[in-house]
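Protein sequence lines correspond, in order, to chains A and B. Under the numbering used here, think of the first position of the first sequence as 57, with each following residue one higher. Under the numbering used here, think of the first position of the second sequence as 121, with each following residue one higher.
In short, the hints are calculated from the structure, not lab data. Heads up, some of the hints might be wrong.
[Said to hold, decoys possible] For lysine to aspartate or glutamate, the following EDC-like pairs were computed, each having C-alpha atoms within a straight-line distance of at most 20 Å: (1) A:K244 - A:E321; (2) A:K206 - A:D314; (3) A:K362 - B:E246; (4) A:K206 - A:E230; (5) A:K177 - A:D197; (6) A:K171 - A:D132; (7) A:K362 - B:E128; (8) A:K362 - B:E147; (9) A:K206 - A:E182; (10) B:K228 - A:E303; (11) A:K306 - A:E283; (12) A:K244 - A:E267; (13) A:K171 - A:E151; (14) A:K206 - A:E321; (15) A:K275 - B:E288; (16) A:K206 - A:E185; (17) A:K244 - A:D197; (18) A:K306 - A:E282; (19) A:K275 - A:E221; (20) A:K275 - B:E128; (21) A:K275 - B:D209; (22) A:K275 - A:D296; (23) A:K145 - A:D155; (24) A:K206 - A:E137; (25) A:K145 - A:E230; (26) B:K228 - B:E253; (27) A:K145 - A:D132; (28) B:K228 - B:E147; (29) A:K362 - B:E313; (30) B:K146 - B:E317; (31) A:K362 - B:D209; (32) A:K362 - B:E288; (33) A:K362 - B:E316; (34) B:K228 - A:D345; (35) A:K244 - A:D155; (36) A:K244 - A:D280; (37) A:K244 - A:D307; (38) A:K275 - B:E313; (39) B:K228 - A:E221.
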Amino acid sequence: MTDLHTHADEIHEQFADQLDVTVEAVEERLDTLVNEYQVPISEARRSVTNSYLDEAGLDREDIGGGGGNETVQAADVDAPEEWVDMTAKVVELWEPRSDAVAQVGLLGDETGTIKFTKWSKSDLPELAEGATYHLRNIVTDEYQGRFSVKLNRTTVIEETDEEIEVGDDALEVEGALVDIQSGSGLIKRCPEEDCTRVLQNGRCSEHGEVEGEFDLRIKGVLDDGEEVTEVIFDQEATEDLTGITLEEAKDMAMDALDTSVVVEEMQGTIMGRYYRVQGPTFGRYLLADEVETLTDAVDPEATLIKARSI
Amino acid sequence: MAATPTREVARRVFAGEFNDATYTFKESDDDRAPVYVLLPTGQRANRVFVVGTLTETEDVGEDSEYWQGRIVDPNGDTYFAYAGQYQPDAASMLRELEPPAYVSIVGKPRTYETDDGDVNVSIRPESITPVDETTRNRWVVETAERTLERVEGYQEADPTQDDYATDEYVQMAHDEYEPAIENYRRLVVEALESFEEETAEPEA
């Protein structure tokens, strides 16, 4: 395979001065790992490189380039199971949900943020929120289209003084509002501390029957004819978008003895209109920070010229 | 691929093309698999977004209410929308709206065969909302752009050429319709030219 040969060539080049090995020998070792033991090429390359390092009595740093790992930025990660290096700031630490996880949170660099997980069994030093680290030998992962990185036993963590300005991975989307999903309008949330779950028929899935607190929200779908984006508008964004305040919504519901009048009223004012929405993404949702109604006239000239020319 | 079912994009298509989209198909044998109409420009559509002028509404139901709406696009071509008891919000909109009015409609394409064997294409609305003229104008330009992209896509993948890019839906459109693709480019030009006429009119 030519692919293996390229990798072998690169590894050989790194050791040409120190060791008397041939490209063929390197390729054979890679071949055994990849084709016989079904090891991913990135891992095979690590393994082979490391064994030559041992033979030559060298450290990884001595050969430069981190021994074959690509140095990536948060926004570059677009495939699972790749061994990479990264320099990033710990933007947030979350509470691990399982004992198997030592630390979990968000890493950030200029290009945006990415989730990281550090396993308990990997026995790695603690990462501090706000600190920046060189992380070598981390592995990318994917779950439902979202990428993350995992720190493992072989990961090298080095704190650095480098200042990183974490870029926001805010998304800007334009499109027509083509749907308002259930759970929109005047809703009730669980009042328990740290629980903001939306009540279904007065019940919280965690705390049972509770006296809910009113809130406004819209879960909508923006569609530009090519892509759909699910957007959540919080109370403030919903008030801006619809011109209906929480107090007014409560009055409307009180008069009608029904909360669903609120979302019906909202539908009439926002469905089928064009918006530009900007904000961070959370799971499959875009959280609307800034909302603009697109009312400016659009210029048909460019499209017309093109349509006439083809 | 993500396991969660993804929502279908609402296609932008002028009435002249939409009404030609008489061929329907499913992507799987599953009873609940979505039904697509095949646009003659070589794209599948399971949902459309239309903004046009509602010119006429009529209850055409026999036993129960069944509302028909005629929505006209800038080319003067007409979409037909039908809403009955299973689309209560859309039906009450058609009952209450006073034509003429600009409306936006999100809905599913449906086909039915008439007694004399013709296939008619209509919209089963999920929502109908009155909108203003700027929304309608934005839709016209957007629909022109999307249609033009499809026309270009068709031209690149047109299997009658010696050298063409393969595209499943263009191939399907060729097999089912052998479309005169030029007609759909013309729809784009005429729709956009309607703006020039509007602005060319002397101010009252």
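Now for the hints, and whether the structure bears them out:
1. Only pairs whose Cα atoms come within 20 Å are accepted, and K244 of chain A paired with E321 of chain A is accepted, the gap being roughly 18 Å.
2. With a CA separation close to 48 Å, the supplied pair K206 of chain A and D314 of chain A exceeds the 20 Å bound.
3. This hinted pair does not check out: K362 of chain A and E246 of chain B have alpha carbons roughly 33 Å apart, beyond 20 Å.
4. Annotation: proposed proximity of K206 of chain A to E230 of chain A is violated, straight-line Cα distance about 34 Å (limit 20 Å).
5. The suggested pairing of K177 of chain A with D197 of chain A holds, with an alpha-carbon distance near 18 Å, which does not exceed 20 Å.
6. Restraint check for K171 of chain A and D132 of chain A: satisfied, since their Cα atoms lie roughly 13 Å apart, inside the 20 Å limit.
7. At most 20 Å may separate the alpha-carbon atoms for a hinted pair to count; K362 of chain A and E128 of chain B exceed this at roughly 28 Å.
8. Note on K362 of chain A and E147 of chain B: the hinted pairing is violated, with a Cα-Cα distance of about 33 Å set against a maximum of 20 Å.
9. For the hint linking K206 of chain A to E182 of chain A, the alpha-carbon distance of about 14 Å falls within 20 Å, and the restraint holds.
10. With a CA separation close to 36 Å, the supplied pair K228 of chain B and E303 of chain A exceeds the 20 Å bound.
11. As the CA atoms of K306 of chain A and E283 of chain A are separated by approximately 34 Å, the hinted pair breaks the 20 Å bound.
12. Note on K244 of chain A and E267 of chain A: the hinted pairing holds, with a Cα-Cα distance of about 9 Å set against a maximum of 20 Å.
13. In summary, the hint linking K171 of chain A to E151 of chain A is supported, as the alpha carbons are separated by about 13 Å, within the 20 Å threshold.
14. Taking the CA atoms of K206 of chain A and E321 of chain A, the gap is near 46 Å; set against the 20 Å cutoff, the hint is violated.
15. At roughly 34 Å between alpha-carbon atoms, K275 of chain A and E288 of chain B are farther apart than 20 Å, so this suggested pair is violated.
16. Between K206 of chain A and E185 of chain A, the direct Cα distance comes to roughly 17 Å. Compliance with the 20 Å bound is thereby established for this hinted pair.
17. This hinted pair does not check out: K244 of chain A and D197 of chain A have alpha carbons roughly 36 Å apart, beyond 20 Å.
18. Distance restraint check for K306 of chain A and E282 of chain A: the Cα-Cα separation of roughly 37 Å exceeds the 20 Å cut-off, and the hinted pair is therefore not satisfied.
19. Distance check on the hinted pair: K275 of chain A and E221 of chain A sit about 31 Å apart at the alpha-carbon level, beyond 20 Å; violated.
20. At roughly 17 Å between alpha-carbon atoms, K275 of chain A and E128 of chain B fall within 20 Å of each other, so this suggested pair holds.
21. Taking the CA atoms of K275 of chain A and D209 of chain B, the gap is near 19 Å; set against the 20 Å cutoff, the hint holds.
22. A distance of roughly 15 Å separates the Cα atoms of K275 of chain A and D296 of chain A; the hinted pair therefore holds under the 20 Å criterion.
23. Our distance criterion of 20 Å between C-alpha atoms is broken by K145 of chain A and D155 of chain A, whose separation comes to about 24 Å.
24. Restraint check for K206 of chain A and E137 of chain A: the C-alpha separation of about 10 Å stays at or below 20 Å, so the hint holds.
25. Restraint check for K145 of chain A and E230 of chain A: the C-alpha separation of about 31 Å exceeds 20 Å, so the hint is violated.
26. Restraint check for K228 of chain B and E253 of chain B: the C-alpha separation of about 24 Å exceeds 20 Å, so the hint is violated.
27. Between K145 of chain A and D132 of chain A the CA atoms are separated by roughly 16 Å; this keeps the pair inside 20 Å, and the hint holds.
28. A hinted pair counts as satisfied when its Cα atoms are at most 20 Å apart, and K228 of chain B with E147 of chain B qualifies at roughly 16 Å.
29. The straight-line distance between the Cα atoms of K362 of chain A and E313 of chain B is roughly 13 Å, inside the 20 Å bound, and the hint therefore holds.
30. Distance restraint check for K146 of chain B and E317 of chain B: the Cα-Cα separation of roughly 41 Å exceeds the 20 Å cut-off, and the hinted pair is therefore not satisfied.
31. Of the supplied pair hints, the one linking K362 of chain A and D209 of chain B is violated, its CA atoms being roughly 39 Å apart against a limit of 20 Å.
32. Note on K362 of chain A and E288 of chain B: the hinted pairing is violated, with a Cα-Cα distance of about 25 Å set against a maximum of 20 Å.
33. The hinted pair formed by K362 of chain A and E316 of chain B meets the criterion: a straight-line CA distance of about 16 Å does not exceed 20 Å.
34. For a cut-off of 20 Å, the pair hint linking K228 of chain B to D345 of chain A is broken: about 31 Å separates their Cα positions.
35. The hinted pair formed by K244 of chain A and D155 of chain A fails the criterion: a straight-line CA distance of about 33 Å is larger than 20 Å.
36. The hinted pair formed by K244 of chain A and D280 of chain A fails the criterion: a straight-line CA distance of about 31 Å is larger than 20 Å.
37. For the suggested pair K244 of chain A and D307 of chain A, the alpha carbons sit about 15 Å apart, so the restraint of at most 20 Å is met.
38. The straight-line distance between the Cα atoms of K275 of chain A and E313 of chain B is roughly 37 Å, outside the 20 Å bound, and the hint therefore fails.
39. A threshold of 20 Å between alpha carbons decides the hint, and for K228 of chain B with E221 of chain A the separation of about 46 Å lies outside it, so the pair is violated.
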